[in-house]
Every structure is written in C-alpha cells, then in structure tokens.
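Student: Assemble the complex: chain G is given as a structure, and chain F must be docked to it using the hints.
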Amino acid sequence: MRTPSGNRVYGIGAEYPSAASLYEAAKRVRDAGFKRWDVHSPFPIHGMDDAMGLGKSWLSAAVLIGGCTGLLTAALLTFGPSWFIYPLVVHGKPIDWKTVPAFFPIMFELTVLFSAFTAFFAMLIMNGLPRWYHPIFNWDRFSRATNDGFFLVIEARDPRFTEGEAQQLLEQSGGRHITVVHED
Amino acid sequence: MSERSHVVPTPEGEYFEKSRFAGLSFIAAIVAVVGLIVSIIGAIVWPEQFAYSWLFGFAYFFTLCAGCFFWIIVHHAVDAEWSVVVRRQWENIANLFPLIALFFIPVFLFRHHLYEWMNIPPGEDHLLDSKRAYLNLPFFALRAVFFFVYFSAVAFMFRKISVRQDRDGNPASTLKMRRLAFVALPLFALSLTFGVWDWLAGLNYKWFSTMWGVYIFAGACGSAMSLTVLVMAALRHAGYLKETVTIEHFHIMGKWMLAFTVFWAYIGFSQYMLIWYANIPEETDYFILRNTKSWNLLSLLLVVGRFFLPFALLLLRSTKKDTRALCMVAGWILCMQLLDIYVVVLPELHRTGFHLSILDFFPVLGIGGTLVFFYLRLVGTTSLFPVRDPRVIESLRIVN
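Chains as they are written, first to last, in this note's numbering: chain G, 1 to 184; chain F, 1 to 400.
Isolated chain G, as found in the complex (with noise of 0.2 Å):
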C-alpha cells in the first residue's frame, strides 16, 4: 500500500489522552479482529496483555527447554569425568550416585545460567531486536511513547487493514493525532 506520494505505508497511529483510554481501544481494536498490531505507553499497564488479546507467549517453553538443557549438560559435564573419565576418590567421599550432591551447585548453576541465556535471547527474538532503525520513528509524536503519550499502531501488513476502516476505529476508540505513518 503506498500513498498519493509513493511512500510505503507502514501503518496507521492513534495517540490517546490516558493509560485507560488506550486501554479502551486495546479491546476495541482487539474485537475488531486485527492480529498485527501494538501498543505503546511509557509505562507498563497491568491487563493490558488480556485487553489486545495476546495469550501466553511460547517465552515459558523455551526458558524450560534451556533450563533443561543446562541441567543435562551439567550432569554431563559432572559424571562424565569423575566416574568415567577420571575416577578418584575425593575427600573420601565415594564414586556412585551418591557423589550427587557435590554435582548440585554445579547444575542448578548451569540451569540458571542456560535458563537466563535463553530468556534473554529468546526475548530479544520475540521482539525482532536488535534493530537500528523502526518505521514508527517516522511519526514526530511518537517520541512522546517514552515521556506521557499513549499510542496504538494498527499496522498496514495487517490481513484486515484497510487505510478507512483503521482510521474509522481509531477515531471511534477515542484516539487523537491520527497519523498514516511511512515504511520509509
């Protein structure tokens, strides 16, 4: 989709006066059936997550497959020499599962490890980061989004974006400064 101009769209923008109002209009565009979408405030809204309809995201799962993953490679790392490679007796203390609780410091820190590594990445990978440059930062207003200004984007790869129909609902949720923001 381009403009009169020949500009790419990237979407379309709608500031709000408050923390509620953009709440209101989450669940507005939410019902409305849009998918690709966001919001942007300088502060993080509690229920906001239940009000564009998000769900749980995949975060969890990945954060317990690395948990494991830090816990297996800790066991390898622990049995793996001092029963097979390099059996020695140790402080007395003998060779056998019962060894085990010198190995736990040893794996929970691994899992911790490889559970923050994951958490951290996978976020970063959720979030399409990192990135130098965004298409929103096209809109002046927008650099309010981290001082006192509330903004929704409906964005134009959207499958049920149409320029009217978005700037029809932004305006009917109470949105202001209704912006048709460039890709570039």
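Hints listed in this document are in silico derivations from the structure and should not be mistaken for laboratory results. Incorrect hints may appear among the rest.
[To be verified] Each pair of labels, with its calculated beta carbon distance range:
| # | chain 1 | residue 1 | chain 2 | residue 2 | range |
| --- | --- | --- | --- | --- | --- |
| 1 | G | S18 | F | L274 | 47 to 57 Å |
| 2 | F | E116 | G | F84 | 38 to 48 Å |
| 3 | G | Q168 | F | L316 | 36 to 46 Å |
[Claimed, not checked] Take a look, some chain G residues computed to stay more than 12 Å from chain F by CB distance:
| # | residue |
| --- | --- |
| 4 | T3 |
| 5 | N7 |
| 6 | P42 |
| 7 | T73 |
| 8 | R131 |
| 9 | F137 |
| 10 | N138 |
| 11 | A145 |
| 12 | R160 |
| 13 | Q168 |
| 14 | G174 |
Backbone N, C-alpha and C define an ideal beta-carbon position, used for all residues, glycine too.
Tutor: Chain F in isolation, oriented as in the chain G frame:
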C-alpha cells in the same frame, strides 16, 4: 483495570456466623480433649516418648503460627497490595500464640528427657562447658518467655489496630502498623532463629548449624502460606469472601508456595552439603542419624515430597490458577511440614531407626484440635477481611 466487575465492599464487611459451624467447633473440641487426655496418660506412663511426641506436635504448630505472623509483618513492611484481603486470617492465626505458649509448658516440664545438656553437670564435657554461657537453664527459660511474650504481644497489637481500623477507617492505623512491622521484623528473625535453636537444634547440644534458623523459617513460611490457601478455600466453600478473594489471589499464594518450596530446598541442601562435604564429626552426627537405617527412607521421602513433587506441580500455571489443585498441593505441603518436623525431632529418641509410636499422633491432635476450636471462636468476632483498609479496593481488583 481488570475486566471483572468492580466490587466495592460493604462498610460492615463479611461476618462468619459461628452458630453455623457449631458442629465443626464441637468436633474440634472432642478431638482436642481426646488428644490431650491421651497425651496426659502417655506423659504419666511413658514420659520420655511423650516428651518427644509433644515437642513434635508443639513445634509443628509453632512453625505454622510463626509463619502466619511473618506474613503479617512482611505485608506491612513492604506495603503489599494483594494480601490486604487475606491479612485478617493471618492475624487470627497469629493470635493463637498465647495458646502456643501454653503448649510450651509440657516441653519445659519434660526438659530433662529432651535436652541432654541440662543433665550434664559442669566440668564433665568441655564442649558443653564452653557453651554454658548460652546453654544454661535460667537463660533458656528467660529466652522462651521473651519469645512467647514477643510473638503474642505483637500479634495482638497488629490485630487490635487492624480491627480498630475496621471501625474508624483511620489511614493512620496503616502507618502505625507499618512502623510496628519495621520493629517486629528483625525481632522476628532473632526470636524464630534462637527459638528453634533452643528447642529443636538443642536436642543435640554438640551439633550446630548456622543454617538452622533459616531452614525452619523456610519450611514455616511455605507451610503457613499453604495453610492460608486452605483457610481461604474453606471460607469460600462455606460461602464467604466469594467476591473478595479471587483466583488472582490464589495464583499469588501459589507463587509464594512455589517460592518457598524452592527456598526450603535451597536452604536445606546448603545446610546438608556444607556439613557433608566438610565431614567434621560434631556436625555430621545430625545427618548420620537421619540418613542411615530406616530414617533414611523418611529423609528421602522428605526431599522428594517437600521439594521435587510440589516444585513440579507448582511450576505449572494451571495448578496455581485452579483452586482445587492448589488446595491439594497445599494440603500435601502441610503433611510434608509435619514429616519435616518429625524427622527433626523423633530420631533423637529412636536412634536405632524409625519407630512410630501411638503417642506421636495424640499431641498433634490435641494441640491442633484446641487451636482449631479457638480459631473458630476468634474468626467470628471481626469482619473476615479488613474492610476499611485504605488499599482494600486495590487488593480486590488485583490482577497478576
């Protein structure tokens, strides 16, 4: 901001009708009387077994009440929002401390069966003589008095101010309770730590562990939160707090149960591993006794039952968001707390292996029955939640 209906509590609050639960009170009284009478007979016939069995029952309920006490002061100290609607029940349970103090009297009377150090005259054991500054009878008694006066008085003050706020709605009461909590918090840490050192770790005067107080604390707080879940679910089942305590509150309580399950395991393992690895005879004695012979089975059951099982279950959001499932886990944790205290106390008597005595059951029943009976009397005297707490609306609408 939630999608739930915006409930505003009536200024009168919700009241528990004692008359509806006269049957329950009666059963509790019967259990208490039978438990206490059999315990008294046991004390005459078999004083040594009685001493340990009673200490086991006493310590179990002491940890539960101390845990509820802890949650009150933490609620005020951190100015928590979600726990406003459950706070009144913590206040009620913590107000049972005068009874706990009363139940300490048999422990004190039978101290010679429990605490070996009291029977050894000075000059016989150098290890003990070097600890005499702390381990002597007058100081032991003085400490016990201080701990019980502290717990009872502070729990009483919290409930009194909180109930007064129900009437006058004065927000200054909240600030007053917060200031009291700041004073109570460090004193709680000291009282619980030294209390369980005296009464539980003191069963073997040679042994010492700096983790001991934290270990009991971790178990106490997790099981007190489990008890809260059960009490809230029971009140809801009886038709109270339907609009007040929501699934969101249960979710938060489930998170705390998970947190304290992990914390208990972390502390328990830290204590075990340092002693196991250092291998110093005066420290290892505690674990040699509990990790050999038939006691080992109970110790292993504790590790699986108090950590691995609830950890796996509570990790799932579906468990924490389902009252029924959460209640089952909470009940299980309370049973495991019972096992934990059992494995702390009873091996010191039956050093040759696990030996279940019939007398082990009756002090638990007697003390538990009495506490339930008095709890049911206490719960009806005020609203079931602090109706005019400044943050009660926020607590009602909590979403996490």
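Student: For each hint, tell me whether it holds in the structure or not.
Tutor: Evaluated hints:
1. S18(G) <-> L274(F): 47 to 57 Å: Given range 47 to 57 Å: holds, Cβ gap about 54 Å.
2. E116(F) <-> F84(G): 38 to 48 Å: holds, 46 Å
3. Q168(G) <-> L316(F): 36 to 46 Å: Check passed, 43 Å falls within 36 to 46 Å.
4. T3: holds, 36 Å
5. N7: Nearest chain F Cβ is 37 Å from N7(G), so the label holds.
6. P42: Label holds. Min Cβ-Cβ 16 Å, cutoff 12 Å.
7. T73: At about 20 Å from chain F, T73(G) clears the 12 Å cut-off, so the statement holds.
8. R131: holds, 31 Å
9. F137: holds, 29 Å
10. N138: holds, 31 Å
11. A145: At about 19 Å from chain F, A145(G) clears the 12 Å cut-off, so the statement holds.
12. R160: holds, 23 Å
13. Q168: Holds, since 25 Å exceeds 12 Å.
14. G174: Nearest chain F Cβ is 16 Å from G174(G), so the label holds.
In this structure, every one of the numbered hints holds.
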